[in-house]
Each structure stands twice: as C-alpha cells, then as structure tokens.
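Fit chain E to the supplied structure of chain B, relying on the hints for placement.
Protein chains: 2
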Amino acid sequence: MRKLNIAIIGLGNIGSYLFKFLNDNRKILTEKNNCMPIIKYVSAKNKKRKRGIKIKKDQWLNNYLDATKLGDVDLIVELIGGAEGPAKKLVFNALKNRKHVVTANKALIAKYGDQLAKIAERNKVNLEFEASVCGGVPIIRSLKEGLIANKISKIYGIFNGTSNYILSTMDKKNKSFEEVLSDAKKFGYAETDPSADLNGNDVASKLKILSSLCFSSFLNNNIFVEGINNIDKTDIDNSNKLGYKIKLLGFAELINNKIYQRVHPTLIKKESYVAGVDGVLNAVIVNGKPVGKSIIQGEGAGAAATTSALVSDISSISRGNIKFPFSLSSKERKKLIFKNITGRFFSAYLRFEVTDKPGVLSNITKIFSKNKVSIKRLLQNPNKNKKISSIIIVTHNSIDKYLNKTLKEVSRKQFIKSKPKLIRIDES
Amino acid sequence: MRKLNIAIIGLGNIGSYLFKFLNDNRKILTEKNNCMPIIKYVSAKNKKRKRGIKIKKDQWLNNYLDATKLGDVDLIVELIGGAEGPAKKLVFNALKNRKHVVTANKALIAKYGDQLAKIAERNKVNLEFEASVCGGVPIIRSLKEGLIANKISKIYGIFNGTSNYILSTMDKKNKSFEEVLSDAKKFGYAETDPSADLNGNDVASKLKILSSLCFSSFLNNNIFVEGINNIDKTDIDNSNKLGYKIKLLGFAELINNKIYQRVHPTLIKKESYVAGVDGVLNAVIVNGKPVGKSIIQGEGAGAAATTSALVSDISSISRGNIKFPFSLSSKERKKLIFKNITGRFFSAYLRFEVTDKPGVLSNITKIFSKNKVSIKRLLQNPNKNKKISSIIIVTHNSIDKYLNKTLKEVSRKQFIKSKPKLIRIDES
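Chains B and E, in that order, are what the protein sequence lines are.
Everything in the first sequence is counted per my numbering, starting at 1 for the first residue and increasing by one.
Everything in the second sequence is counted per my numbering, starting at 1 for the first residue and increasing by one.
Bound conformation, chain B alone (with noise of 0.2 Å):
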C-alpha cells in the first residue's frame, strides 16, 4: 500500500479539526484513494494549548520549519495563517524542498501564489489551495478539473459569509447593521476585529486567485473594492421596495479580452438565485463556454467545511492527480490587461438626503442631465417633520466615472444633509 506522509503545521481550530479528521477516516479514505494518508509531524506554536486531540510525542516538531527538510515528509499543510511571517517562510521552503503543499492561506495565494506556483512547477509537486477560496465549496477543484473544458467569460457570488450573514438578516430581522453585526459575533459569524469581512478585502483576495483560475492570467491587484460598512436599513428598505436585494458581491469578468475585478454592494433582483442565497452561506456562479452557467453553493467557513476543502486536496495528491497549482502552468498563463471599472458601463441606485426646498429636485437632476446620466427612477420621500426628503434615483446604464462625478457634484450642494449613496446594480 502506497502511503503519504503529512506534516501540519498550525493547530487552531482547523488544524485540530483535520488532524482529528484524518485519524478517524483513515480506512476510508485509504480505500479510495489506494494511498494511506499518515500524519507524521505537526507543529504549532505553543505546545501546550488544549486541543482535545492526542498528539504523540514523535509526531511533534519542535521547529515547525523541520517538515521542510525531513525525508519522511511528502506533503505539509499551512494552517499558520498570513501573507508573511512564519507561513511564507514555510510554504516557500516546503516547495523548494520538494514536499507537497494544500494550505487554506488565501491571504499567501493572492499574494504570493504566481511565485510559488513557479517552485511547484519546476519541482514538480502540488500547491493546492481549496480550503483558501469558500471553504467548502469545492470551486477551485470544479475550475481546474470539471469545468476544465470550458473558456470563462465571468465569475462571481457571494464569498463573503459574515457581511451575507449582516445583509440578509439586516433585511429579514428589521435589525441596523451595528446590532446585527453584534450579534454575529455573538454567534461566531464574525470576527472580533471583522474589518476584512466588512471592507470588502477578503472577497478581494478570495477574487484575485478564482479570477487567474478563470481566466489563465497573473493575480493581478488592480481591484476596485468596496464594502458594506455604508449600507444602513434604510437602502435595504428602498432596494426591497424596487425589487433588489443588496448583496456584497465580487465580480471578475473577460470583456474584450480585458479583465474587470471588482468587489462591491450590489443590487441585485429579488428573483435572481444570488439573492436567495441568506445567511453565512457562499455561493459562486460561473459563465463558461460550452456548459453555459453553473452555480455552487456551501458553506463558506468553519473548520468543518474547510476540513472536506483540505482532504479533497490531501486525497487529490495522494492519487498522484499532479496539476499546475493555476491550472496552466506559468509560461502558458496570459499577461492580460486589467482595467479598472472607471469605465465600465452600471446601472446604479443613489439616494440623496436633502433639504426639502423647491428647486432642489431640479438642481439635482441638472447635474445628473449634464454628466450624460439618464434617470429611470425617481422616488421621493418627504420626511415633514424634519425638513427633510430622501431623493432615490435609479439610473440607466452610465459610464462609472460619470455616475462618481455626479455623486461628488451633487454632494457639494448646500442642501445635501448626510452623505450620499451610491450602490451599483447588476441586471444578470
């Protein structure tokens, strides 16, 4: 029986998980794979933390960077977590020495994965990174292995659990974003320090590595990104009534050979599957030619799902499956032009607080009529008691620069009394 040797490296949650996991599946997943997965080392920074798991005296390394050099090492799984640091130090090191790498470090893939897809290559070993994109959702294998045939013209969903999980119950428990928001990490659903869940840069790196999945180029960090820490009740209230959702979208799309990134609240129409999706949940749908669109859906995180996105890439080497961490390998990946959105056509939903006066309506739709941006809807939502009177456009199809330049003009008026908004739309 052939057998593979493991070292993990980083015992959290997820890596208390997996080593648990892979004792107690060792028979089945032996049998499937025709190979024995063996966990011979971990290592961890404090020895002594409690993980409810029986770690045997030889299997721990004092110096996790031994599972680099060490013979009886094939694969080492990263779950240190970080771009930099100890991670970087061992993943770079691992390739170099020749050892398998399946690390869920999307934070390392985005930012160092087209440099250390070169090592892998030419050292021919894997560098597998399910468990970094959506967790359990098995996209990265279903890019580069059963959608394998197809030319990806888009990608895109929801990758973000805990800003989904703020959105839809923002939405369906009539809650404000800072409640809901407290109570996801009453729940586990966010972080203690959540800004790179919120600010849109999670989705962003999770966007880099499926967009040079999809589209055979370079990662690439020109991104527009965007999150929801402006959305407040009541454009949730307004989208509802103009039949939209809100969701925090990333986008990467091929458009006359171009590639547009882009990560942002989004409406979206109430009928659309994407804005079904609720809760924590992840889902990414794919336009690819010849299968047409198909869509993934699961659970985006937890050291549940992440452990099935890690042992589909344990077992996936363990079968001797050897691929091109990108699919391509780095001769054959495209240098592609990536053009930010600036110019990239939107619909696009802007509310405006404003001091109810006459003339005011007129001055507004002045400025949008000067800056070639077309109105399809207007409502207005006077607010007696305050003076004041909520303006809510919805726009047609305008240049990205101009719907900006028009926010900016509009939002130097006298008669603007909160910051305005603008969220773009997507008719898909």
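Any given hint could be a false lead.
One copy or any two copies: either way a pair holds, since identical chains are not told apart in the list.
Think about it this way: if two alpha-carbon atoms lie no more than 30 Å apart in a straight line, the pair counts; the simulated DSS-like pairs of lysine-lysine are [to be verified]:
1. K173 / K270
2. K185 / K293
3. K289 / K20
4. K376 / K405
5. K151 / K3
6. K335 / K89
7. K3 / K118
8. K47 / K335
9. K384 / K57
10. K20 / K54
11. K40 / K289
12. K293 / K270
13. K47 / K289
14. K339 / K118
15. K185 / K45
16. K241 / K172
17. K27 / K293
18. K173 / K241
19. K54 / K151
20. K372 / K154
If you're looking for bench data, these hints aren't it; they were derived computationally from the structure.
For chain E alone, kept in the frame of chain B given last:
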C-alpha cells in the same frame, strides 16, 4: 510530450460536437493536462451522414469494435447509447482490453456499472461517466473528488430538464400539460418520445448512479418511481395557494444505515432553493459531513454541456488520475439494505373531486382518521355549476403505506368523480 489516443464511437449531436471541440481546443487542453489529446479513430453507424466535421480517411473505423483491439487506442469515448447492443459490447470489450472508457450512457452504467467497474479495476483503467448524470453539472467529479472527505446522508434534486421545463412553464405561463409538452417538443426540450423523461425513469437511472456513489453501495433497483404525467394545472394552482411548488425530484437517503431511493413529483416550499430552479436546469443538493449542505446547478443536457463533462473525464484520465469508477473499489463497496418507501413517513397533498352533497366530507375524514392519517389543512372549493367540489387535504407526517391505503379507500366511494391525487411533500 505525453499523448492520449482517443477513439470516439458514435457521432450523433454529442459525438460530433466533441470531435470538433477536441480539435479546436487541443492546444489549451494539452497545456492544462500536460498531455495531448489526439482523436485517433472515430466510428458510427452511418459513414455518409452529414455532420459538419472533417473526418480524415485514416480516422474512420468500419468496424467500431476495432477500437477495442488496436494498440494505438488508449481511451474510448462511447456515445452510442442504450444499455444493450453495440454500446454494451463496446464498453465491455474496451475495458477487457485495457482501454480507458468515457461514456455519457446512463442506461448502461445504471444497469451494468457494477460489472464494468470490476473489470476496469482489475485492468487498472478508468471508467468515467460524468456526462451520464446531469450533463454539464460536475456532480460525479464533485462527489468523487471535491467532496471526497464527506459521509453523505442525502442527495436529491432536479435531474431531468424536460420535466422541470414542463412543470415550471405550466406554473408560469398558465398553460396545460399538453400545451407545454407540445411547446417543449417544438423548442427541442423534449424528444419525440418523451416517455422516459415524464415517467421518472430517466431520473431513476441517474439517481441509482448517484446513490451508489454517495453511499459506497452497489447499484440497486429498489427505487420508487412516479412520473409527472398525472400532474395538472389544478394541482399546480392549489400548491401555489398552499405555499408550495411542484417539482419532479429524485431522492436517495441513508436513514439508520438503510437506503431509500425515490423519484416522484414533490410539493416543496416556495422559498426553498429547489423551488426556484426553473426551465431545463438541473440542480443537485448534497448533505454531507463535515461539509454541510452543498448545491451544484447547471445545464443538464445538450451537446455543449455534455461535452464539458466528457472533456473533464478525458482530461482527468490524461493526467493519470486513476480512480475507482464508484469511488471505492468493488471489494470495499458495501452491501447496504435498500428499503422501499412504504414504511417511510411523508406529509402529503391529496385532492378529491367529489359530488357536492352533505356527508361527503365527514365520510372522507372518517377514512383518514381510521387509517391514522391526521389532517393538517383542508380546503374545499365548490364548483356550483358542475355540482362538483374539490377537496384538498394536506396531512401531517404519516406512514406512506397508510397514505396510499387512505387514497385507495376514498377512491372506491361513489361520490368520487375523477381519479384522486396524492403528491408527497418535502419539508427540507
């Protein structure tokens, strides 16, 4: 550069599409898989048929079975169709002669898959059949690879595009079964003889394959099958009133180590994911541990989507990813018990068209109560003109056997004016 010599046997829509696709995409597939796919031979019943593809003289085999004997064939793609005859002969001979096989033939796999798998394993070749279930949806690869870590407890979904198109169009367009079926034939969504799509047999074949993959069991014919032929517009309208949609679903579940396989029209909550999947799409939902609930959706039929699946199988083989056809080797697969659904609990929708006279309702409810089927909701829609009344009953969870007994007993009554309906409800 490694090469994979392929013979395509059967050149209908799918075979011709695949032929063209492999020729047009040879470069990119070679780069991705580090192996060049070469169409060495083709064969089909009628050499002269117009196919819009350029077959070279030395590619054509007059006897399709030669593909199984020639030394310069590594892989045979079987696209003849049918569980018996030439397709069966081809695949058995191919595997016996150590050729890899890729097939889109669900009838063949559902019937002879276990026997074929044994031969493939013995001869260390691949037998891949992604294209046999749900066209372009990479469900088999996901079960065998992306979700390999998981113990699956339930798989269900929409596995037939034709019937889903009919049900969802009846609902949306307010048309009768017959009208929609005739449209479906016109648009190419239904075959001239659509019986296997409508009577549930097509779903049953797919479910058998998925079920044995999920539960590591052997293919088993203990499967309850009911089609959509008896669903009429009235049932769809009633379901809407009750908050449900009607879908033809296939289910395979592992309950207390026993497997239940069933295909039937199902009332499913309007807000559920499956209820929103309309048209010819296919959707598969998998409950697994540790991953939780996963969904995969996409195009279930057509030459383009099917080619996406065939090419994923061909690519997997070209990378040397040797796997057991049913995930586990034949000697490790389990002999599980398959139970029929008579003992399973369901809530159900029943409809009775009755003569509108006193005592009928009490007569019916008495039969329900005698059979221990408790009523959750009851609607009576009188139709004064015809002196007929429609009685709709939604039951609490009841044993299937008793639901059917109740139906039968009520059916015998004089006041029953047309064949009563029983449609099972799924609350998941």
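These are the hints, each one checked on the structure:
| no. | hint | verdict |
| --- | --- | --- |
| 1 | K173 / K270 | both (17 Å within a copy, 20 Å between copies) |
| 2 | K185 / K293 | between (35 Å within a copy, 23 Å between copies) |
| 3 | K289 / K20 | between (41 Å within a copy, 14 Å between copies) |
| 4 | K376 / K405 | within (18 Å within a copy, 59 Å between copies) |
| 5 | K151 / K3 | between (36 Å within a copy, 22 Å between copies) |
| 6 | K335 / K89 | within (27 Å within a copy, 48 Å between copies) |
| 7 | K3 / K118 | both (26 Å within a copy, 24 Å between copies) |
| 8 | K47 / K335 | neither (45 Å within a copy, 44 Å between copies) |
| 9 | K384 / K57 | neither (73 Å within a copy, 84 Å between copies) |
| 10 | K20 / K54 | within (8 Å within a copy, 56 Å between copies) |
| 11 | K40 / K289 | between (43 Å within a copy, 25 Å between copies) |
| 12 | K293 / K270 | both (19 Å within a copy, 23 Å between copies) |
| 13 | K47 / K289 | between (50 Å within a copy, 29 Å between copies) |
| 14 | K339 / K118 | within (25 Å within a copy, 53 Å between copies) |
| 15 | K185 / K45 | within (25 Å within a copy, 65 Å between copies) |
| 16 | K241 / K172 | both (14 Å within a copy, 23 Å between copies) |
| 17 | K27 / K293 | between (37 Å within a copy, 24 Å between copies) |
| 18 | K173 / K241 | both (16 Å within a copy, 25 Å between copies) |
| 19 | K54 / K151 | between (47 Å within a copy, 23 Å between copies) |
| 20 | K372 / K154 | within (28 Å within a copy, 54 Å between copies) |
Hints 8, 9 from the list above are not met by this structure, while the remaining hints are.
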